[in-house]
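Those sequence lines, one after another, are chains A and B. Terminal number for the first sequence in our numbering: 222, no gaps in between. Terminal number for the second sequence in our numbering: 252, no gaps in between.
Since the hints were made in silico from the structure, they are not lab data. All values reported here derive from a predicted model rather than from experimental measurement. Note that the Cβ used here is the ideal one computed from N, Cα and C, for glycine as well. Please note that the accuracy of each hint is not assured.
[What the hints assert, rightly or not] Ranges of calculated distance between the beta carbons of each label pair, as one might list FRET restraints: (1) Val105(A) to Asp245(B): 29 to 37 Å; (2) Ala195(A) to Arg122(B): 53 to 61 Å; (3) Asp108(B) to Arg143(A): 49 to 57 Å; (4) Ser226(B) to Ser145(A): 46 to 54 Å; (5) Thr75(B) to Arg218(A): 50 to 58 Å; (6) Glu123(B) to Val105(A): 28 to 36 Å; (7) Thr161(A) to Asp245(B): 40 to 48 Å; (8) Arg64(B) to Leu122(A): 54 to 62 Å.
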Amino acid sequence: MSGSVLLKQVREAILAPPTIFPWSDDKASIGPGGIANLELQQMPVGFNLAHIPATPHFQSGVGQFACGTPKSIARPLEEEVYDVLADAKIKTRLIGNHIPRDWQVRLFGQLDRLHDIEEWELGDRPMRKESYHTFLSVILSVRPSVRPGLGLSHKGDLLGTWGEPHDRITLEFMPSARLRWTIASTSDGQLVRSAGDAPASDLEKYLAPFDPAHWWHRSAER
Amino acid sequence: MGSSLSENVQTYSRPPITEAVVEFRCKTIINDGLLSKVNKRFAGTYPSGTTVPVPKFHVHVDNRTGAATSSVSNTNAYRRSAHDEHDILLINPNSLVVAQSAPYPGWDKFFERVRHDLRIWREAGVTLELGRIGMRYINRIDIPDTAPVINPADYLKMSLAAPEELGPTISYATNGNFALSDLQSNLQINSGVFLPPPVPGYLSLLLDFDIGRELEVPQSEDDIISLLISLRHEKNRIFELIVTDKARELFK
Numbered sequence: 001m002s003g004s005v006l007l008k009q010v011r012e013a014i015l016a017p018p019t020i021f022p023w024s025d026d027k028a029s030i031g032p033g034g035i036a037n038l039e040l041q042q043m044p045v046g047f048n049l050a051h052i053p054a055t056p057h058f059q060s061g062v063g064q065f066a067c068g069t070p071k072s073i074a075r076p077l078e079e080e081v082y083d084v085l086a087d088a089k090i091k092t093r094l095i096g097n098h099i100p101r102d103w104q105v106r107l108f109g110q111l112d113r114l115h116d117i118e119e120w121e122l123g124d125r126p127m128r129k130e131s132y133h134t135f136l137s138v139i140l141s142v143r144p145s146v147r148p149g150l151g152l153s154h155k156g157d158l159l160g161t162w163g164e165p166h167d168r169i170t171l172e173f174m175p176s177a178r179l180r181w182t183i184a185s186t187s188d189g190q191l192v193r194s195a196g197d198a199p200a201s202d203l204e205k206y207l208a209p210f211d212p213a214h215w216w217h218r219s220a221e222r
Numbered sequence: 001m002g003s004s005l006s007e008n009v010q011t012y013s014r015p016p017i018t019e020a021v022v023e024f025r026c027k028t029i030i031n032d033g034l035l036s037k038v039n040k041r042f043a044g045t046y047p048s049g050t051t052v053p054v055p056k057f058h059v060h061v062d063n064r065t066g067a068a069t070s071s072v073s074n075t076n077a078y079r080r081s082a083h084d085e086h087d088i089l090l091i092n093p094n095s096l097v098v099a100q101s102a103p104y105p106g107w108d109k110f111f112e113r114v115r116h117d118l119r120i121w122r123e124a125g126v127t128l129e130l131g132r133i134g135m136r137y138i139n140r141i142d143i144p145d146t147a148p149v150i151n152p153a154d155y156l157k158m159s160l161a162a163p164e165e166l167g168p169t170i171s172y173a174t175n176g177n178f179a180l181s182d183l184q185s186n187l188q189i190n191s192g193v194f195l196p197p198p199v200p201g202y203l204s205l206l207l208d209f210d211i212g213r214e215l216e217v218p219q220s221e222d223d224i225i226s227l228l229i230s231l232r233h234e235k236n237r238i239f240e241l242i243v244t245d246k247a248r249e250l251f252k
């Protein structure tokens, strides 16, 4: 038993708010690739270095240059978009063994289209990185076989939609592993809407009355 | 010189490598003009890119009065990428870093990139003496969280040894430094538990190799290639020594 990992304690540790995903710590994902951060400039190359010890041989500036630009420096929108997309794609690749390859390709295409700034209106903002981290953690928990339609809120939070117009759920993936959901369903011929807001880790609990599997997997008939 | 050699290397269908990196580090700094030229030379291979400001801190102390003044200026580094962040290149004032994110495409493809990028770097005019050639492979082994307790020692032969009285651990991290005298190189291994786990429903173990040479660093392309092949062989040999059959089952 010595040195063994007791998973109950690990689960409790990981489900403790505010994070359920390792890279949801804002300080640890400043730039493209989320590689290192400014407080940890000595970090070596690594896409998930919040969890990987530094090694002196890879200290020399590698993490520093890979981590992008300090947030305090004003940057052109194009650079912000590059930064956000790079971060999202690398985070996705890191858990790529758990997401079908064809979905990854589609997902990257969706993210690129959402960030086509030539189509943007004044005031549109790039996706918030922390929002995407929440999205990934939910996808890994729910593992939907139906791929969602994606959008961006005015704050830069990712929106995911499953279902048909008369029976649809929209999730807004917010930083700090929180979710907001809106459900549009039909009852006695009337369109009924409901909404809620909760930690992402409690999603299944709060959605249980709605039988969410029929959105994620289109398996259950209603 | 062949890159594959098709030696007796164990291959896996789902390699646990989350990141592979080769770094060529110069003994001195590349000037801004040349670095910008290098960046342009890579634009075809790596179409996406961004400039990363690197602050330089200068401190001047007057020998006579002891008065000190300081100033800050910026120089640039460059980060380039291709294929949706699968291929990444860091063009730094003192180094070139070729990085590969997951999924790992295999040594042959990665090595082809490394050779190509090294050649372009040099053809662009970087002829400074190399002070270190290094390689880093970060592995993450995802273990399904189906038992109440998981013993990392069942998966890695490099883990935590602790008195029984302490009971199960929540997490740990180990770091070992080893001399590879035959290669005049140094190896650093990190292993431990990712906490929190990156994938819900799994416990993830880290196995991270940082291997490199700083003594009598090869300078010619053939010698560099030869060293990289040797480092990779050694890294693979040690990987196989550390992982158990139970771990192999997870990614073969």
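Earlier hints that do not hold, by number: 3
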